[in-house]
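K.L.:
Each chain, written out:
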Amino acid sequence: MEKVTIETMRAMMRLAGFEWSDAELEALRPLVETNLRLLDRLEAASPRTIDPSTQYRLF
Amino acid sequence: MTELGWTSVADLARLIGTKQVSPVEVVRACLDRITALDGTLRTFITVCAEPALQAAHAALARVLAGETLGPLDGVPIGLKDLFDTAGVRTTAGSRILADRVPGTDATVVTRLTGAGAIVLGKLNMHEFAYGPLGRNAHYGDTVNPWDAGRPRVPGGSSSGSGAAVAAGLVPAALGSDTGGSIRMPASLCGVTGLKPTYGRVSRAGVLPLAWTMDHVGPMARTAEDCALLLGAMAGYDPGDASTSVLPVPDYARALSGSIAGVRVGVLRQGFLDASAADVAAGVEAAARMLQSLGAKTDDAAIEQMEHVPAAAFAIVASEALAYHAGWLKSRPADYQPDVRERLQAAAFVTGAQYVRAQQTRALIRDAVDEALRHRDLLLAPATPITAPALDETHADIRGERVSVTAAMIRLTRPFNLSGHPVCAVPCGFTAEGLPIGMQIIGRPFDEVTVLRVADAYQRATDWHRRRPPLAS
Chain L
1 MEKVTIETMR
11 AMMRLAGFEW
21 SDAELEALRP
31 LVETNLRLLD
41 RLEAASPRTI
51 DPSTQYRLF
Chain S
1 MTELGWTSVA
11 DLARLIGTKQ
21 VSPVEVVRAC
31 LDRITALDGT
41 LRTFITVCAE
51 PALQAAHAAL
61 ARVLAGETLG
71 PLDGVPIGLK
81 DLFDTAGVRT
91 TAGSRILADR
101 VPGTDATVVT
111 RLTGAGAIVL
121 GKLNMHEFAY
131 GPLGRNAHYG
141 DTVNPWDAGR
151 PRVPGGSSSG
161 SGAAVAAGLV
171 PAALGSDTGG
181 SIRMPASLCG
191 VTGLKPTYGR
201 VSRAGVLPLA
211 WTMDHVGPMA
221 RTAEDCALLL
231 GAMAGYDPGD
241 ASTSVLPVPD
251 YARALSGSIA
261 GVRVGVLRQG
271 FLDASAADVA
281 AGVEAAARML
291 QSLGAKTDDA
301 AIEQMEHVPA
311 AAFAIVASEA
321 LAYHAGWLKS
331 RPADYQPDVR
341 ERLQAAAFVT
351 GAQYVRAQQT
361 RALIRDAVDE
371 ALRHRDLLLA
381 PATPITAPAL
391 DETHADIRGE
401 RVSVTAAMIR
411 LTRPFNLSGH
421 PVCAVPCGFT
431 AEGLPIGMQI
441 IGRPFDEVTV
451 LRVADAYQRA
461 TDWHRRRPPL
471 AS
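So the sequence lines, in the order shown, correspond to chains L and S. Residue numbering for the first sequence follows our numbering, beginning at 1 and increasing consecutively. Residue numbering for the second sequence follows our numbering, beginning at 1 and increasing consecutively.
Treat the hints with care, since some could be wrong.
What the hints assert, rightly or not - Which bits of chain S does chain L cover? Going by a derived footprint, with three or more residues having C-beta under 8 Å, they are:
{"id": "1", "region": "307 to 318"}
{"id": "2", "region": "339 to 350"}
{"id": "3", "region": "354 to 362"}
These are computed hints drawn from the structure, not numbers from a lab. Since the structure is predicted, the reported quantities are computational estimates derived from the model, not experimental observations. We put the CB at the ideal spot given by N, CA and C, even for glycine.
Chain S on its own, in the form it takes in the complex (with noise of 0.2 Å):
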């Protein structure tokens, strides 16, 4: 198997685009990857290996024609099973959907095929999105490369996604994330995942999990590579009454290299004090990285995180049961047991507790720009614990006996409250072998910062190069 495989998109796109590999040799090396290794890892669902190569002989004739190219012509990316796809089926992972097929594009998808990006399949994920270790009873559990001699969970619900790009199956990859479903599978599976703003990308033609919280973003290996796939989807859409009429940076070009005097505040109260010693050391160790190279860092701290498994419940329950509601009465057998039985525990949330939830959101959000005030950016830990094995229900952080369910997405979901935009960036090992991801939080609609500190990162690290033993 080639080093395509193992190619950024940035080097892809240019390679492609200066005539030195041929975007059909591209996609052929990820289809050959994918039929090597995904009968073990089950990172796709559908595989749309003939359309795939025909979009890549269409952008060698743009390239050997001379024609201005987009910037990810030729690139292969993967969608997570709940963007639409005309003539592609979309199952959301589920057996309720198995069959069906839209008529018409995500506008994300439209964006990334009108920038040349190539459609390489339909992305794994945990069933609906509802779940934060990319379990699915229906199309078999993901894998997470990162094994450490046991078969681990890659984190969710945006597994396949994650687990896709660590693999080398393809260089990118599209998530959702409502409670940290980029940024879960990203940390556990040691890739780079940006959660933009809430309101930044369109979630028109992306199927809900809870509309008020679901953001929508790029998977990758590296930073740029985020930042590239960023420019390509954001932007105002009016199938979208969410998102913002701000012009879109060009976020690849922002990528300077330099973050002197760039001021970021690490989040010990909540976060690095409720993960594990080892996933603690390679957050601190990743801040006193950004301090040599001329960020200045301090203690900071958000207000309100008592009351953030509460106000997420109650909103993500209520929104995804009016979303659910029919089937549920119609097939229950066909939900997997754990969505299901967290499907039947909204019917018991009422109506004013859920307005209660968007009011103690209001608070939460507050907190994060108060955190942020005098700050560019915030820094803690993506998940609490590095990936537990597939059969392990229980982890111990410090003593704590907890539920891997609920670590999960303790620290991601603040941010999905806010919608702040946040980046996950491997930061370290164990001394197992397993991937530590941190998150970079910044203001919101200044994924510019974000973006530059997380590359700048990468930049001086080889974390995110790093290859995992199931994709050898």
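Bound conformation, chain L alone (with noise of 0.2 Å):
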């Protein structure tokens, strides 16, 4: 995973609507990168066909 910049990280933050200071996405920003590095092994963990299990199997 490349790492992640505060100009990427600043982007997303408008994209979803939120207005965070540089200072604050800094502090985040190490948290975020190991977010990241989790969720890319996903990617390898689950066909991408199966069925995603949004709650319990319900009867």
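Once you've looked at the hints, go ahead and assemble the two chains, each given alone in its own frame, into the complex.
P.N.:
Following this line, the structure appears as structure tokens:
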């Protein structure tokens, strides 16, 4: 995974409608990088064709 | 202070029904204990003293008139402060909702009060249920009544529920569980907590953290009490589309005390071997106890465990942000820092990643089903560590330095993803006197077997009867 830059975070944040300072984004960056590394592993974990399970089976 | 604060729900209901104890006396005993102890423990956000006493007098009138009583008639309960209560503020432990007063009760509150239970008050919690430690910057941190010489976290997010039951302030409480928020405080505070199967209990009128992961359940001192409360709470609710139409068994009647032949898989890989040595020893001893009671035990494992943190993070963060986005834009400073940071981090999860997490979730659910294919139950620690001190941020687990926050939810959240029923039960104490908790995990909608084994274990042990030092 490439390093997450403040510019990337700023763009994503604005797309989502938030206005956070660069200082806040810088403080968040380690957490975001950790989370994205975790999420990258899911790409390999599950077949693309499997049905998403949004909730437990219902009876 | 009287022994009524330590009397079980089952015994209170029996004593009230046979006119040996007045429900007014019971409510007053709980209120006295709250007055004496809650300045230190900070388990309640709102105490409903007058309405509770009025309800107790009404229950007494029913008893004296010889009316048919509900199964919980005259028994006081506490509610985590995210269950809607008509006319009583419901804050979710937040500043943002500090003045929110719902017009109607949550479905489970209606059902419990319909069974005769009396709402004693609203209990402290991690803000918006988004944290495993039970910290609260707005209403004060709940303190674990088991302190071993240092103030300790009670576990969250249902921190007030766990600590209030442990301290004998109320015989039972409701919690909610999105990543372990019933089972973690149950484990750290030495009480019993049940996360039912997803769909067994209505979430209507319960403020959400993550809709597809949220579960609602009882916390009490015994499995029998959890069975009584579950029986009153469970069942289909048109107000919650996720609830099942399966009939509700008589959970309390199913507690036969016999577990002969029950097949229990002990989860070692990723559970016992990921826990502190004294926690693992407590659960191993419990497995041997179950064996001596007639259960058949073997080693079990759950595949896909390595994907649990990522899947759980993407789902909970995305759903929580969907609920909180408006306030995060308009009132960011009103969140406590750790909750605000978790919500902000959620903004960097994409829709495709959320769906991929839900796909992975299906694999995790199947893996838990597979572990239960030839077994009735699984056994595991509830938390890999016992209650950390309030100022501890990291713990040592078998030589590995881990964040307390990350460690706390490691063993509980697989079953929020899978939806299986789990009962957290006290199973020992460390040398320094802190409770150890274990999880009894069952097949979907088989709370009967989960509770039957938990109850049989409690008939043979006394861990759940011990009283914490800060509650005397």
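K.L.:
Each hint needs a verdict: does it hold in this structure or not?
P.N.:
Status of each hint after checking the structure:
Taking a C-beta to C-beta cut-off of 8 Å, the region 307 to 318 of chain S contributes 7 residues in contact with chain L, enough for the three needed, and the coverage statement holds. Under a criterion of three residues with beta carbons nearer than 8 Å to beta carbons of chain L, the stated coverage of the region 339 to 350 of chain S is upheld, 6 such residues being counted. Under the rule that three or more residues need a Cβ within less than 8 Å of chain L, the assignment of the region 354 to 362 of chain S holds, with 8 such residues.
Going through the hint list in order, the structure satisfies each hint without exception.
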